[in-house]
Amino acid sequence: MTALLEIRDLHASVGDKPILQGINLTINAGEVHAIMGPNGSGKSTMSYVLAGRDGYEVTGGDVLINGQSVLEMEPDERARAGMFLAFQYPVELPGVGGMSFLRAAVNARRIEAGEEEVDQLAFVKMVRAQATKLGISDDMLKRAVNVGFSGGEKKRYEILQMALLEPTIAVLDETDSGLDVDALKIVSDGVNFLRAPERAMVVITHYQRLLDHIVPDYVHILSKGKIRKSGGKELALEVEESGYAGIDDAA
Amino acid sequence: MLALTMQPDLRGISPQGAVRQQALVNWQATGWPGPRVEAWRYTKLDKFVAREMQPATSVQSLDQPDIPVPEGAVILRFTNGILDRDCLGGLPVNVRASDLGDDEAALAQLQSIAPDNHPVSTLSLAAMTSGLLLDITGEVDTPIMMQFIGDDAGLSAHPVIMIRLASGAKAVMAEWHASHLALSAPLIGIELGAGARLDMAKIQAENDTNAHIAATGVVIGENAVLAGFTLSMGAQLARLETHVKMAGEGGDCQLSAVYLGSGNQHHDVTTYMDHAVGHCNSNQIIRGVLDDHARGVYQGKVHVAQDAQKTDGQQMSRALLLSRKAEADAKPELEIYADDVICAHGATVGELDDTQLFYLTSRGIPYTTARAMLIEAFLLDAIDTVENEVLNGLLRPAAEAWMAREAAKER
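Chains as they are written, first to last, in our numbering: chain A, 1 to 251; chain B, 252 to 662.
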């Protein structure tokens, strides 16, 4: 069986600085993988490299979705191929209306899939249904994208986008940062609801607490640009107890 | 420069009346501003000044112009700067139209409020191709749209229009410029009586070889409101200069503008806001988008007289460069002699934000669409300050059409 996402000996630099130093990871449909690691270990860089952000240069290795390399693809092409990145710091877009943004994104996916574009009325219904589950008010939907949103609202809005775009590979970058306990629960419920046999998730986090809510199938510890240790969900608890110290030597 | 070699060629011109005769003398004495005139340092006219042209004297018949018309609007059409007088019959009863050229007092009034030291203030008075005086009383419920067309690259157009709103009068007006001439040089005067309100939009969509040099003078009376907006997107070289005098307490002036440039276009928006009395507000939101080798200029001065306490004068200019070769210059100035005022100004020049583009494209939105969405957001922020629906309905699609053309460009 071809893996949904395969990362092969991935090396990447930002500017002249090498950050990822040979990452190997195979993720199958239906699996949830957690990537844990200390600050500066390369977690966010990995998420940006997967999404194809400019300025994150791949210097070696490959990233494959369903066996196809995506390194030559632009961010929008990767997204339409099923990749979704929930940002650690969602970006404010003053003047860009939330609904037209969501609709443009959903329609881009549909056009790619040869489906009909969703009409406005049906779309509003679709968004409302998902928004209600995530505790997102109509007022928030009407505002410009992420403008005037609290930290927690921004994270919920990311999950709303994920729900609407139905990605096959979702990368959640520090989705727990800046969330209080209640917001964490709402966001986690939203994510759990999207767990599906045809979908894989990569949950990037510094802390174990998110993994109490989104229980992973596998946990990988990233440090100094390399995965140093992999295991089941119990590995997260181990890190919680003894910290990241000593992990580097385990590889 | 010798008067005989000056362009436009005015040798055939013999203006009627003292005001226009004096204007001709003044024009011949000063002519176009030279390279060292500070007010024109960002907009050099040397290339354009050499063009051969003469003021239009007749009208050719042209196809119906492709200019959108708001529902129920009265159209006043100027071809080569010459008014089609048949249009005047459509004006509502509370808009009285007369020949400005016959009204020495109105000409003198226009001259007194027209931008000082501006070449068009003298040139177009002298070379006037049509003079129109509109006296408006009460509330006019139909929009008045002035269309300016023409098709002769050897001609210059000098429409001169004085618009007077009596106390309490209200009107909605639009100017749409879509000529293919050597030069369009409209001179417009606006006087708002106490409590009057004028909503006005100007769309400069001239042919891309045209020069468009416009001078507008405005006097705003007590508690009167001017809600003015300019969209400058056509012409090879455009300079739109407006001088406003806040002459009565409680006056309010919105004087915002968007300029959109591509190719080798040059857009200049220049304003002078004179707070001669206190308790008035003025607000200018300027947005520019420049692609290719285009250049944009905003010069805005807010002058607050010593007795003009409680003045609120704001101006903010932002330019977005879509190409490394584009250039924007901004010169916002505050000159404040009163001590109890709220005034602010600012100017920024920048490119599209990479992080915003990445965010949009990471959602599957194609790069060109993402780019267009950000440009639109940047512009609509300004255009949507136009509250009047009729005018918003003219401005927004015009800007959107420009953006669509931009988005369709190969990159």
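Calculated directly from the structure, the hints in this document are not laboratory data.
Glycine residues also receive a C-beta, built at the ideal position from the N, C-alpha and C atoms.
One thing to keep in mind: the hints can contain errors.
[As the list claims (entries may be wrong)] Derived coverage of chain B by chain A (criterion: at least 3 residues anywhere in the stretch with Cβ under 8 Å from a Cβ of chain A; other residues may be distant):
1) 610 to 620
2) 628 to 636
[Said to hold, decoys possible] Below, a sample of chain B positions facing chain A; criterion: calculated Cβ distance under 7 Å:
3) Thr606
4) Gln607
5) Met624
Evaluation of the provided hints:
1. 610 to 620: holds (count 10)
2. 628 to 636: Coverage by chain A holds here, the residue count being 4 at a Cβ distance below 8 Å.
3. Thr606: Because about 5 Å separates Thr606(B) from the closest Cβ in chain A, which is inside the 7 Å limit, the hint holds.
4. Gln607: Result: holds, 6 Å to nearest chain A Cβ.
5. Met624: holds, 6 Å
Violated hints are absent here; each numbered hint is respected by the structure.
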